[in-house]
Amino acid sequence: MALVEVNNLSKIYGDVQAVDGVSFEIQQGEIFGLLGPNGAGKTTTINVLCTYTEPTAGEVTIAGHSVTAEPEAVKRAIGVVPQDIALYPDLNGVENLRFFGRMYDVPKARLEQCIGELLELVGLAEHARKRVEHYSGGMKRRLNLAVGLLSEPRFLMLDEPTVGVDPQSRNAIFENIQALSRQGLTILYTTHYMEEAELLCDRVAIMDEGQIIALDTPQNLINTLGMGIIHIGVKDDLHEEMLARLRALPQVKAVTCRDDTLAFETKDAQRALLEIIGLFNKTDTVMTSLEILEPNLESVFIQLTGKQLRDS
Amino acid sequence: MKKLLYIAWNELLLLRKDKMAVVWMIILPLGMTTIMGLVFGGFGGGSEAVVIDLPVVDHDGGEMAAVVLDILSQTENLHVEMEYDEETARQLLADGKRAGVVLIPSGFSAAITSGQPTVLELIVTPGGQTAPLLEGMVRGVTSGFSNVQTSVEVAISEVQRATGSTNLDYEGIARRVAATALERLEDPPVRARITTVGGEEEEEFNIFDQAVPGYAVMFAMFTVLSAAGGILEEKERGTFKRLLIAPIPEWSLLGGKLLAQFLMGVGQIALMFLAGALIFRVQLGNSLLGLLLITLATCWATTSLGILLVALIRSRKQIHPITTLIILGSSAIGGSWFPLFMMPKAVQQVGRVTLVAWAMEGYNRLMILGGGLADVWVNIGVLILYGAVCFAVGLKLFRFKEA
Chain A
-5 MALVEVNNLS KIYGDVQAVD GVSFEIQQGE IFGLLGPNGA GKTTTINVLC TYTEPTAGEV
55 TIAGHSVTAE PEAVKRAIGV VPQDIALYPD LNGVENLRFF GRMYDVPKAR LEQCIGELLE
115 LVGLAEHARK RVEHYSGGMK RRLNLAVGLL SEPRFLMLDE PTVGVDPQSR NAIFENIQAL
175 SRQGLTILYT THYMEEAELL CDRVAIMDEG QIIALDTPQN LINTLGMGII HIGVKDDLHE
235 EMLARLRALP QVKAVTCRDD TLAFETKDAQ RALLEIIGLF NKTDTVMTSL EILEPNLESV
295 FIQLTGKQLR DS
Chain B
8 MKKLLYIAWN ELLLLRKDKM AVVWMIILPL GMTTIMGLVF GGFGGGSEAV VIDLPVVDHD
68 GGEMAAVVLD ILSQTENLHV EMEYDEETAR QLLADGKRAG VVLIPSGFSA AITSGQPTVL
128 ELIVTPGGQT APLLEGMVRG VTSGFSNVQT SVEVAISEVQ RATGSTNLDY EGIARRVAAT
188 ALERLEDPPV RARITTVGGE EEEEFNIFDQ AVPGYAVMFA MFTVLSAAGG ILEEKERGTF
248 KRLLIAPIPE WSLLGGKLLA QFLMGVGQIA LMFLAGALIF RVQLGNSLLG LLLITLATCW
308 ATTSLGILLV ALIRSRKQIH PITTLIILGS SAIGGSWFPL FMMPKAVQQV GRVTLVAWAM
368 EGYNRLMILG GGLADVWVNI GVLILYGAVC FAVGLKLFRF KEA
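Note that the protein sequences, when read in sequence, are chains A and B.
For the first sequence, position 69 matches number 63 in our numbering, and the numbering has no gaps at all.
For the second sequence, position 43 matches number 50 in our numbering, and the numbering has no gaps at all.
Isolated chain B, as found in the complex (with noise of 0.2 Å):
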């Protein structure tokens, strides 16, 4: 046991003189996560970072159209710009300079007051990425005027049957309706409150919550599998030899180098998500037990692949094309880069297949989703599994001497 540990600890000593392991385990992942979080969200505060600029062309010039552009201007994420005209509005769109023009015709507040139809115009280009989140912010205006013309229509005819007279003065009761509903508009009585499975309101969405555990899980592969392939490299140096002729057990010279890499494993999750807690504003979650727990479960797994690979590929320069192949498509389809829920089903069942699958739905349930230890141990035992499996076979497969 002795041996294992000096062996453990010789591997994570050269590991520590190694200097590309400082770029590989903690520039690189977090460069990468800040990246791709920058592009795909925001930072340290999740979706507030993205700002989208929204020309807003009023020919009507009234008050209803006032209380567009007011519910505009508040919408979060949204930028309202009154300084183009039209023509100057459409050419940014075209030249791709904006997402989207909102044309607020002429004769619309009248429209609205008298219960006519009338409509907001959103012009998108086709494919534009922020175009759905753009229809659905005019969609939720227009059917909030919608409902003030509904309110108007229901007033006036309800108080047509209560009088009987018709000699009312509807413009004047159709003006503090809508006042009134406007009102409710911008400040709704009624609001929608998501809560999740464990009872708690829902944050905000940050990128990162999803960003830090995919990354750490990816770039915890490459530092546990570039460790694995160390194996062969001592191989073909010749230490491995040497320590095998030394009165060493073979477990544990082997059971050694495992320790290691599982170690730097859990190091290179730990430290991104620290980085992650500190920089990047990442919710942990409710069950630090839990992160700990699919944590060494995915570090578990990831080492048993490595044996796996150790005892099925002969050389260090055939190993790292497959590694880095494998590392890559498994964390593509199995939600380091994009969380499973939001890829198509055949992807999700595909991926299923991958360890990282089971560690990033493990991880989006404890961090984004705010489940617990139960929500959680199916996964963790599938990894231990998945561990076991890849273990069994990597040591009955691996050779220790070679020919």
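The shape of chain A in the complex, shown without the other chains (with noise of 0.2 Å):
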């Protein structure tokens, strides 16, 4: 059963089309990964997810509510943990805490239980009266990620919670996650490092110019890769012909081209990468870059767009 429902959602600023014709849905107990390069328009969709945003157009419901006909019932009914470290650097980690719970209203002496538990939960029971302005950057993503949680929400949504954070965090970070996935908590993680979806996501929806350009789970969506990705450049433009040898090469299974270079994807990489230096010698050919890509999310980014991951 989906507890998330997201159907053609758009959001416009002005001339700028932040999310556009958005869908998906989230299943219970779900950890879904909204994965692209900054500006693609995940942290918008969580927005209006949140509430904080009103759709342009389009409908999202959460636990039957919907986010435009019933924001107080959606609030009540998620935890979000923004990309922001959203704390208040003066108040140490059990008065950010309560604060944050009263606002919730988590009654008084659940919110003291709730506020022992998480902070063994993230670790920081033993910082816990220290003020955050003197925790370290990981430190204060879980504790950003403590204060998600404190209305025991069903549904979590965590946007690039590991931004700046070291590899220990990073690493009690997704411990943490994957310890309340196992409790059937509902999660929606975005970041635009794949590796932490192929890691922690039950399935993907890559994003790129507001929109989904892929959807399934990591392990299908590398599959789509076949046994690897070759690109090379090359100097001239072929002509057909030359595109319809290569394609024929046993060990390559597809070729596209883009601008002055090529994309194959292959049955096995480097078998493939002798065939095709093979007919470029024997055509004179000449390469201007070569590169094979890892069977991974970043590399099935790559290959949709065109564009590298963290630089577009």
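Read the hints as simulated data drawn from the structure, not as lab findings.
Hints may be right or wrong, so weigh each one.
In silico DSBU-like cross-links for lysine-lysine, where the CA-CA straight-line distance does not exceed 30 Å [claimed, not checked]:
id	chain 1	residue 1	chain 2	residue 2
1	A	K124	A	K102
2	B	K9	B	K408
3	A	K124	B	K9
4	B	K408	B	K24
5	B	K104	B	K352
6	B	K9	A	K102
7	B	K408	B	K324
8	B	K26	B	K10
9	B	K24	B	K324
10	B	K9	B	K403
11	B	K9	B	K24
12	A	K229	A	K261
13	A	K124	B	K10
14	B	K9	B	K26
15	A	K124	B	K324
16	B	K242	B	K403
17	B	K24	B	K10
18	B	K408	B	K242
19	A	K229	A	K247
20	B	K10	A	K102
21	B	K10	B	K352
22	B	K26	B	K352
23	B	K324	A	K276
24	B	K24	A	K102
25	A	K261	A	K247
26	B	K26	A	K124
27	B	K242	B	K24
28	A	K102	B	K242
29	B	K403	A	K124
30	B	K352	B	K9
Computed footprint of chain A on chain B, listed as stretches where at least three residues anywhere in the stretch have a Cβ under 8 Å from a Cβ of chain A [unchecked claim]:
id	stretch
31	18 to 32
32	247 to 260
These figures come from a predicted structure and were not determined experimentally.
All C-beta atoms in this analysis are idealised placements derived from N, C-alpha and C, irrespective of residue type, glycine included.
Two chains, two frames, some hints: make the complex.
Next comes the structure, spelled out in structure tokens:
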């Protein structure tokens, strides 16, 4: 059963189409990844889901409540871990949690218990009375996560929760998310680190320029690449006959041409490379660049958009 | 409502945690008030702290010269120095070490008793701040002696007319009349009594009656507008957004922050008045209710000005210099630093556009002029209206959510 349903969601800011007809569902207990480069529309999508931004078009329901018609009910069902460290640096960990807990109407007795549990969960129990301004970046991120969990939400949204975090804290956050998922929490996780999505998510939607360009399990998406992708830059445009000969190579599954770069989807990247170089030598075709992409989500994104994920 | 109070409480908790807040709300205002009070007045008793050293050179040495010295010596805020000769006294004046020198010419006493014209010379440096004060004091003395001479002339004339005799002991009569007149000069039978509108005798002016409310209002504005700028900081930090996506009504979120700002302003002014009463012996006037209402109205207007500024200004970096300019500008022309009635008419008129002017006029009426609640109703009303307009416009323009 879908806890979250997003149908044809669009958001326009002035002349900018931030989100363009996005649709997806998130099942109860699922970790759903929303992947894409900065500016892809991930945060805008989350802003609509958490009732902060009104959609220009489309329907979004969470736990059966429309984000536009019943925002208060949606607010009580969700927890949000924003990209910013949205904490009071002058307050300590407990004071931050206590304040936000009160804002979510957590009963006083339950709140104190909840604060203790959450501090344990994110590994900050020993630093509970320390001012947040003295926390490391990773500790702040972990407390940021704890605040998002205070209301004991049914659906948790994490917007780039590991930006600027040291590897140790990143692993701690991953462990927290996996533990929460095991407890049945439904999670939306946005990131531009594809390896995080591969590790954590049951399904991922890849966004670019406001649209979802692929949606499946990480493995299925990676499988679309075959056994590896080779990008070869060429000096001159290749005529159609040459492209046909390349496509006919035994280890090549498909060839696409984008600007001066050929993208080869292969059955075996190394063997395919030997075949391609052999053909280039025979036809005096000059190579200007060569890149072999590992079969992973990052390569899927590059294959789909022709852009590097973190530079785009 | 409960969340509004939680938000306000959190703001006050944040203030308590801010180490610089102690400096801004207590140390700096009290320090500034003390310095300005000492520069322009005195400490705990008003003008008694200002004592002017005045060299007096007596070339006469007579009875009347002694009376002059006696009167000047008894004059409040004046310390008569007899130890200098004329050359040294003039040199002290030229060096700027003294504000004035009084010369009593030889023959002064004889001239007084014989009804001849004479002078009491005061030499001052041009532009000296205390010159008008000294001039007033010396004119007072000469005026008294002129009256003595007049009394002597009238007495002799009346004795001649009554007795028809011209063979009189003129000098003896003159001496007796002059002695009586001089006694009266030192202990006048007719005194001025200045009363205020409230009917009570005017008490000695304490400069802190002006400085304490002046700096209280100025620093309350700093405190409140700085806290208002905190909303922009929260927007930049993301906590404001986090609160907006929590189940909190928008009015509760903004209301909590404004309530805290208002309370900070009231606390700031109350703290200054408490310190003013305990340390600077400030007179709180006859209407504590009036003071309370003026304070509440001032803080309401300041809080509303804060929300208007936050609505108009996009970032915390921008709001700091703008609020500083507004606060210092309105304090200067609104009467925080000097009483409004001492300022040129044009400045007084311009100052009326600031909430400081209405607040300070109210405080001055209550604390210096001894007025009551009825005397400050207009000020309270204008401040409430000022706040209402700023609040309405500020709320209309305020953006809860950024694009």
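Hint by hint, here is what the structure shows:
1. K124/A <-> K102/A: holds, 22 Å
2. K9/B <-> K408/B: The hint holds at about 23 Å.
3. K124/A <-> K9/B: holds, 27 Å
4. K408/B <-> K24/B: holds, 27 Å
5. K104/B <-> K352/B: Violated - the C-alpha atoms of K352/B and K104/B are around 34 Å apart, more than 30 Å.
6. K9/B <-> K102/A: holds, 13 Å
7. K408/B <-> K324/B: holds, 19 Å
8. K26/B <-> K10/B: Given that 30 Å is the threshold and the Cα spacing comes to 26 Å, the pair holds.
9. K24/B <-> K324/B: Distance of about 22 Å is within 30 Å: holds.
10. K9/B <-> K403/B: holds, 24 Å
11. K9/B <-> K24/B: holds, 22 Å
12. K229/A <-> K261/A: holds, 25 Å
13. K124/A <-> K10/B: It holds: about 25 Å lies between the C-alpha atoms, which stays within 30 Å.
14. K9/B <-> K26/B: holds, 28 Å
15. K124/A <-> K324/B: Roughly 28 Å separates the two Cα atoms, so the pair holds.
16. K242/B <-> K403/B: holds, 18 Å
17. K24/B <-> K10/B: Satisfied, since the Cα-Cα distance of roughly 21 Å is no more than 30 Å.
18. K408/B <-> K242/B: holds, 9 Å
19. K229/A <-> K247/A: holds, 23 Å
20. K10/B <-> K102/A: Between K10/B and K102/A the Cα gap is close to 13 Å, so the pair holds against 30 Å.
21. K10/B <-> K352/B: Violated - the C-alpha atoms of K352/B and K10/B are around 48 Å apart, more than 30 Å.
22. K26/B <-> K352/B: Answer violated: K26/B to K352/B is near 42 Å, above 30 Å.
23. K324/B <-> K276/A: violated, 65 Å
24. K24/B <-> K102/A: Holds - the C-alpha atoms of K102/A and K24/B are around 23 Å apart, at most 30 Å.
25. K261/A <-> K247/A: The given pair, whose Cα atoms are some 6 Å apart, holds under the 30 Å limit.
26. K26/B <-> K124/A: holds, 16 Å
27. K242/B <-> K24/B: holds, 20 Å
28. K102/A <-> K242/B: Within the cut-off at roughly 27 Å; holds.
29. K403/B <-> K124/A: Measuring from Cα to Cα gives roughly 39 Å; hence the hint is violated.
30. K352/B <-> K9/B: violated, 49 Å
31. 18 to 32: holds (count 4)
32. 247 to 260: holds (count 8)
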